[in-house]
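Student: In order, the protein sequences belong to chains A and B.
At position 57 of the first sequence the residue is numbered 56 (numbering that gives the first Met the number 0), and the sequence of numbers has no breaks.
At position 99 of the second sequence the residue is numbered 98 (numbering that gives the first Met the number 0), and the sequence of numbers has no breaks.
Calculated from the structure, these hints are not laboratory results.
Small disclaimer: the values here were computed from a predicted structure and weren't measured.
We treat Cβ as the ideally placed atom computed from N, Cα and C, and that holds for glycine.
You may find that some hints are simply not true.
Part of the chain A face toward chain B, derived, beta carbon under 10 Å [said to hold, decoys possible]:
{"hint": "1", "residue": "Ala36"}
{"hint": "2", "residue": "Gly37"}
{"hint": "3", "residue": "Glu38"}
{"hint": "4", "residue": "Arg55"}
{"hint": "5", "residue": "Leu60"}
{"hint": "6", "residue": "His62"}
{"hint": "7", "residue": "Gly66"}
{"hint": "8", "residue": "Arg67"}
{"hint": "9", "residue": "Thr69"}
{"hint": "10", "residue": "Arg91"}
{"hint": "11", "residue": "Phe106"}
{"hint": "12", "residue": "Glu109"}
{"hint": "13", "residue": "Ala151"}
A few chain B positions that, by computed beta-carbon distances, are all more than 12 Å from chain A [to be verified]:
{"hint": "14", "residue": "Val22"}
{"hint": "15", "residue": "Leu76"}
{"hint": "16", "residue": "Leu80"}
{"hint": "17", "residue": "Pro186"}
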Amino acid sequence: MIKILMKVSVMRLLAENLGARRGEDLIFTDISFALGAGESLVLTGRNGSGKSTLLRVVAGLLHPETGRVTWVSESAESGMRAAEACHYLGHRNAMKAELSVFENLSFWKEFFGDVEGGKGISPGEAAETVGLGGIIHLPFGYLSAGQQRRMAFAKLLVAYRPVWILDEPTAALDVNAESIFTALINAHLSGGGIVLAATHQPLGLENARELKMAGFAGVAEGRW
Amino acid sequence: MTALLLRDLKLSVRAGGGALIGVLFFMTVVAVIPFGVGPDLNLLSRIGPAIVWIGALLSALLGLDRLFQTEREDGSLDLLLMQEHPLVLTVLMKCLAHWLGNGLPLVIASPLLGLFMNMNEVAIGATMLTLLVGTPALTFIGAVGAAVAVALPRGGLLVSILVLPLAIPVLIFGVSASYAAVEDPAPFMPPFLILVAITMFFAVLGPLGAALALRNAGD
């Protein structure tokens with residue numbers, strides 16, 4: 000199983016009054032939450048309700064219309080962006096089809112580097128953990144969609160980040176892989192991590208908070 | 000950061016990397032000129048440096064649009080943007096890797112094409128040297144165009160058009176330095192040094208502009 004050594008420290012991911020726009024429309028407004036060590040937040044809601052947009056705002060990939068996201072931690076230097084403490088697993092896997100799985104994972108391991116507070120595991124161990132230890136030498140493009148998704152998930156294990164932002168992590172996965180993912184996410188949480196996930200399927204997380212996204216907040220309130 | 004450089008170099012020589020495509024295009028462009036112009040050796044040697052430079056410019060522009068687009072398509076760009084490393088440095092590394100994979104082969108192929116154009120040794124040497132110094136500037140300028148057009152599907156031609164006016168000074172000073180090496184009255188050093196200055200200027204400005212464009216691409 001995954002071994003992550005954790006110092007117990009005060010860390011919080013804070014979002015204050017977040018609002019975001021896609022094109023002309025306000026997708027959501029006034030979303031605030033605070034997540035501490037070991038806490039998770041699951042975003043639910045129908046398609047187009049702004050789950051992915053919220054995750055991208057938290058990951059610093061979209062500029063929020065209002066509000067801000069901050070990361071508080073003992074070890075964080077002042078001025079550290081919240082995004083630097085996050086792993087982001089989006090719809091796309093961020094792996095190169097031309098390179099082997101091993102090359103992909105070791106590149107990300109080296110490029111990510113570890114944030115203070117934990118250590119990543121080696122690419123071989125990470126592939127083993129997601130149940131695909133034997134095919135690490137194959138080009139990423141040769142794998143099936145489910146295997147690719149699992150390897151993309153292994154990317155989260157090769158470098159340590161306290162916050163995991165997961166956008167529909169279980170798409171294209173079989174039941175077995177789903178249970179592996181759930182176990183990994185739970186292990187991350189019990190190690191003092193923070194998980195922010197958008198999903199349609201229940202992830203089976205213990206005591207996860209849920210945030211229901213309504214979508215088109217501006218339209219409902221008559222302001223856009 | 001070296002990890003990024005090595006990965007991009009690997010990608011440029013693997014299938015679909017496009018390192019060879021640039022050289023092949025370069026060879027095609029320059030190799031057809033003698034057939035079109037005819038077997039006038041004096042004329043060929045006179046226009047030689049200019050033709051080699053134009054060929055190199057066009058092939059350098061050819062692969063530029065893929066610089067950030069491939070990263071965006073598979074989602075890697077998001078992760079590159081999120082890291083602690085300054086984005087300017089990340090872009091600089093990508094430019095260096097792109098130049099090593101796509102620009103350097105052009106420089107290495109240029110002496111062969113110089114022979115096609117009946118250029119003498121001095122002209123071939125001067126053209127190769129000016130290409131070595133000038134092509135990095137093309138990559139740095141192109142990075143800005145590639146970053147601006149990163150979200151556009153089929154932005155390839157747009158990148159070339161955006162970038163071409165900025166690349167003209169590189170062409171002018173590259174060609175004039177190459178000519179100065181063979182034609183006696185003109186001094187070689189002034190245009191060559193200006194070319195060096197252009198490259199160093201864009202080595203700073205290019206990654207800065209590209210990083211700014213990528214940060215604000217926002218989608």
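Student: Each hint: holds or not?
Tutor: So, going through the hints one by one against the coordinates:
{"no.": "1", "hint": "Ala36", "in the structure": "violated (21 Å)"}
{"no.": "2", "hint": "Gly37", "in the structure": "violated (23 Å)"}
{"no.": "3", "hint": "Glu38", "in the structure": "violated (21 Å)"}
{"no.": "4", "hint": "Arg55", "in the structure": "holds (8 Å)"}
{"no.": "5", "hint": "Leu60", "in the structure": "holds (5 Å)"}
{"no.": "6", "hint": "His62", "in the structure": "holds (6 Å)"}
{"no.": "7", "hint": "Gly66", "in the structure": "violated (16 Å)"}
{"no.": "8", "hint": "Arg67", "in the structure": "violated (16 Å)"}
{"no.": "9", "hint": "Thr69", "in the structure": "violated (15 Å)"}
{"no.": "10", "hint": "Arg91", "in the structure": "holds (3 Å)"}
{"no.": "11", "hint": "Phe106", "in the structure": "holds (5 Å)"}
{"no.": "12", "hint": "Glu109", "in the structure": "holds (4 Å)"}
{"no.": "13", "hint": "Ala151", "in the structure": "holds (9 Å)"}
{"no.": "14", "hint": "Val22", "in the structure": "holds (19 Å)"}
{"no.": "15", "hint": "Leu76", "in the structure": "violated (8 Å)"}
{"no.": "16", "hint": "Leu80", "in the structure": "violated (6 Å)"}
{"no.": "17", "hint": "Pro186", "in the structure": "holds (46 Å)"}
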